[in-house]
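Trainee: Here is what each chain is made of, one letter per residue.
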Amino acid sequence: MSNLEMSTKHLLGIKYITQNDINLIFNTAENFKEIINRPIKKVPSLRDITIANLFFENSTRTKISFELAEKRLSADVVNFSASGSSVKKGETLLDTVNNILSMKVDMVVMRHPAPGAHFFLSNHVDVNIINAGDGTHEHPTQALLDAFSMREKIGDLKGKKIVIVGDILHSRVALSNIFCLKKLGAHVKVCGPPTLIPKHISALGVEIEYDIEKALAWCDVANVLRIQLERQNTKYIPSLREYSLHYGVKKKMLDRLDHEIVIMHPGPINRGIELDSDVADSEHSIILDQVENGVAVRMAVLYLLAGKRNLAKS
Amino acid sequence: MAAGRVILSPDRFKLTMHRLAHQLIERYEYFEDACIIGIQEKGVTLSQKLIEIIEPEIENKKVTFGKLDISFYRDDYRLREKPIKVSPTEIDFSLEGKKVILIDDVLYSGRTIQAALSALQDFGRPTWVDLLVMVDRRFNRHLPIQANFTGITVDSLDAAYVKVRWSEKENDDKVFIYSAENYNP
Numbered sequence: 001m002s003n004l005e006m007s008t009k010h011l012l013g014i015k016y017i018t019q020n021d022i023n024l025i026f027n028t029a030e031n032f033k034e035i036i037n038r039p040i041k042k043v044p045s046l047r048d049i050t051i052a053n054l055f056f057e058n059s060t061r062t063k064i065s066f067e068l069a070e071k072r073l074s075a076d077v078v079n080f081s082a083s084g085s086s087v088k089k090g091e092t093l094l095d096t097v098n099n100i101l102s103m104k105v106d107m108v109v110m111r112h113p114a115p116g117a118h119f120f121l122s123n124h125v126d127v128n129i130i131n132a133g134d135g136t137h138e139h140p141t142q143a144l145l146d147a148f149s150m151r152e153k154i155g156d157l158k159g160k161k162i163v164i165v166g167d168i169l170h171s172r173v174a175l176s177n178i179f180c181l182k183k184l185g186a187h188v189k190v191c192g193p194p195t196l197i198p199k200h201i202s203a204l205g206v207e208i209e210y211d212i213e214k215a216l217a218w219c220d221v222a223n224v225l226r227i228q229l230e231r232q233n234t235k236y237i238p239s240l241r242e243y244s245l246h247y248g249v250k251k252k253m254l255d256r257l258d259h260e261i262v263i264m265h266p267g268p269i270n271r272g273i274e275l276d277s278d279v280a281d282s283e284h285s286i287i288l289d290q291v292e293n294g295v296a297v298r299m300a301v302l303y304l305l306a307g308k309r310n311l312a313k314s
Numbered sequence: 315m316a317a318g319r320v321i322l323s324p325d326r327f328k329l330t331m332h333r334l335a336h337q338l339i340e341r342y343e344y345f346e347d348a349c350i351i352g353i354q355e356k357g358v359t360l361s362q363k364l365i366e367i368i369e370p371e372i373e374n375k376k377v378t379f380g381k382l383d384i385s386f387y388r389d390d391y392r393l394r395e396k397p398i399k400v401s402p403t404e405i406d407f408s409l410e411g412k413k414v415i416l417i418d419d420v421l422y423s424g425r426t427i428q429a430a431l432s433a434l435q436d437f438g439r440p441t442w443v444d445l446l447v448m449v450d451r452r453f454n455r456h457l458p459i460q461a462n463f464t465g466i467t468v469d470s471l472d473a474a475y476v477k478v479r480w481s482e483k484e485n486d487d488k489v490f491i492y493s494a495e496n497y498n499p
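Residue numbers (my numbering), protein chains in the order written: chain A, 1 to 314; chain B, 315 to 499.
The hints are simulated quantities; they were obtained by calculation from the structure and are not laboratory data.
Treat the hints loosely; a few may be bogus.
[Said to hold, decoys possible] Straight line, CA to CA, 30 Å or less: simulated DSSO-like cross-link-like pairs of lysine-lysine: (1) 33/A x 413/B; (2) 41/A x 488/B; (3) 399/B x 477/B; (4) 160/A x 42/A; (5) 183/A x 399/B; (6) 9/A x 477/B; (7) 396/B x 363/B; (8) 396/B x 308/A; (9) 477/B x 41/A; (10) 153/A x 399/B; (11) 396/B x 33/A; (12) 356/B x 42/A; (13) 104/A x 381/B; (14) 33/A x 488/B; (15) 396/B x 71/A; (16) 63/A x 381/B; (17) 88/A x 413/B; (18) 199/A x 363/B; (19) 396/B x 15/A; (20) 182/A x 399/B; (21) 41/A x 413/B; (22) 71/A x 381/B; (23) 381/B x 42/A; (24) 9/A x 252/A; (25) 104/A x 488/B; (26) 183/A x 396/B; (27) 376/B x 33/A; (28) 477/B x 308/A; (29) 15/A x 399/B; (30) 413/B x 396/B; (31) 15/A x 252/A; (32) 399/B x 308/A; (33) 381/B x 160/A; (34) 376/B x 71/A.
[Stated by the list, open to error] Non-contacting residues of chain A with respect to chain B, defined by C-beta distances greater than 10 Å in every case (computed): (35) 5; (36) 31; (37) 34; (38) 45; (39) 64; (40) 113.
Quick reminder that beta carbons are idealized off the backbone N, C-alpha and C, glycines included.
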């Protein structure tokens with residue numbers, strides 16, 4: 001029987017958890033998915049736990065998804081966002097978090113613009129830390145829900161072909177996806193303009209494809225990423241129109257394929273840029289399933305990590 | 315398997331199963347407005363075996379049956395040494411106005427049943443809930459919970475383990491009692 005406990009106390013990134021952890025999260029998430037489809041979508045598992053959602057960077061869906069997951073596990077929730085807080089007055093990250101922890105918080109879900117902020121914190125505070133995105137580094141729960149959604153649609157990912165399309169350079173979703181899919185035994189290609197593909201990415205065991213049509217013809221699943229307009233201080237692409245012409249996924253491309261592929265997107269979609277509306281809304285797309293699964297997967301992560309706070313041992 | 319003492323042999327086990335099935339038929343006749351809910355995992359096995367006996371006796375009418383997992387409702391989730399294995403819950407009907415027969419293999423502290431009762435509330439308001447167990451360890455209760463139908467009553471030490479062993483073979487199910495030293499699941 002496989003292990004029923006997570007190997008780590010925190011979820012800092014997919015890189016630091018095992019394949020068994022991932023499968024444990026998936027199996028638990030399946031049970032939570034059944035629960036969130038009941039008329040009463042709530043269980044009392046974490047009724048004695050307080051969770052702080054610390055968002056030092058903007059987020060809409062991840063924050064809502066985490067908050068719903070926490071509430072459906074009956075946890076108490078406090079929310080914090082950097083805008084309008086003392087961070088703007090010059091307080092350090094550690095001071096901010098320690099202040100919040102003094103109010104007896106058990107778990108921290110954090111998004112921070114600095115890659116590695118969660119690592120720093122995990123060395124200094126004694127709570128479970130869940131990474132909800134750290135700069136351009138990792139976004140583990142997104143990768144987990146992506147892989148969970150793929151698995152739901154096409155079965156075991158071992159040997160399956162997945163292409164990640166778009167801005168790989170700035171994307172924490174891409175990096176976490178690569179780690180997660182490789183751990184599950186999938187073949188991974190990245191596809192995008194050369195300026196948006198990081199140097200040495202092949203060291204992670206992925207292949208590079210610059211031609212979107214070839215990439216789509218090869219794959220079982222295409223995970224299309226958002227062009228991150230807010231991270232384009234330097235000009236990586238000549239224009240959005242040109243990006244859309246060369247790398248936007250269009251209906252006619254899918255019609256030309258000899259097999260059905262699954263289209264995914266972590267949202268928010270720039271319709272008409274990386275993904276055309278008729279693709280995003282087609283039967284190929286599982287974008288809304290991803291959102292639903294996001295709550296179930298996050299419930300599983302919170303539930304399993306809370307189990308690491310063993311009161312009998314402490 | 316470590317040496318345990320058999321307290322219910324396969325022959326008597328079979329008799330007990332038939333008695334329990336008939337007790338249920340006596341109370342519920344054709345099981346209209348009634349349903350059986352088995353608690354994962356051993357309670358589900360017990361429920362299925364009982365339904366196999368019941369259905370031919372009631373003109374092959376179908377008994378409504380659901381599986382309930384109570385992992386997420388346990389009050390000792392973070393107090394346990396061993397993590398809990400989560401199994402699926404499969405109740406695709408409402409319990410609103412239903413007469414529920416809740417089934418588990420061993421009734422010990424009563425905490426599983428307490429968790430099951432709060433889990434059941436999420437599926438509607440049943441008319442009533444009856445509890446059926448194979449083994450009632452009556453002196454080990456932590457909560458005021460009693461079974462309505464009991465296979466065998468065991469007066470055991472707190473430290474002992476009582477196990478229902480379901481066999482792959484026909485008519486070879488047994489109930490064992492182990493002392494704490496030689497218990498090795």
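Trainee: Taking the hints in turn, state whether each one holds.
Mentor: Against the structure, the hints come out as follows:
no., hint, in the structure
1, 33/A x 413/B, "27 Å, holds"
2, 41/A x 488/B, "38 Å, violated"
3, 399/B x 477/B, "18 Å, holds"
4, 160/A x 42/A, "34 Å, violated"
5, 183/A x 399/B, "23 Å, holds"
6, 9/A x 477/B, "34 Å, violated"
7, 396/B x 363/B, "29 Å, holds"
8, 396/B x 308/A, "11 Å, holds"
9, 477/B x 41/A, "34 Å, violated"
10, 153/A x 399/B, "25 Å, holds"
11, 396/B x 33/A, "24 Å, holds"
12, 356/B x 42/A, "25 Å, holds"
13, 104/A x 381/B, "37 Å, violated"
14, 33/A x 488/B, "36 Å, violated"
15, 396/B x 71/A, "25 Å, holds"
16, 63/A x 381/B, "33 Å, violated"
17, 88/A x 413/B, "59 Å, violated"
18, 199/A x 363/B, "62 Å, violated"
19, 396/B x 15/A, "26 Å, holds"
20, 182/A x 399/B, "26 Å, holds"
21, 41/A x 413/B, "23 Å, holds"
22, 71/A x 381/B, "25 Å, holds"
23, 381/B x 42/A, "18 Å, holds"
24, 9/A x 252/A, "46 Å, violated"
25, 104/A x 488/B, "49 Å, violated"
26, 183/A x 396/B, "26 Å, holds"
27, 376/B x 33/A, "28 Å, holds"
28, 477/B x 308/A, "28 Å, holds"
29, 15/A x 399/B, "25 Å, holds"
30, 413/B x 396/B, "34 Å, violated"
31, 15/A x 252/A, "37 Å, violated"
32, 399/B x 308/A, "14 Å, holds"
33, 381/B x 160/A, "33 Å, violated"
34, 376/B x 71/A, "38 Å, violated"
35, 5, "5 Å, violated"
36, 31, "5 Å, violated"
37, 34, "6 Å, violated"
38, 45, "5 Å, violated"
39, 64, "22 Å, holds"
40, 113, "33 Å, holds"
The structure fails hints 2, 4, 6, 9, 13, 14, 16, 17, 18, 24, 25, 30, 31, 33, 34, 35, 36, 37 and 38 (numbered hints given earlier, in ascending order).
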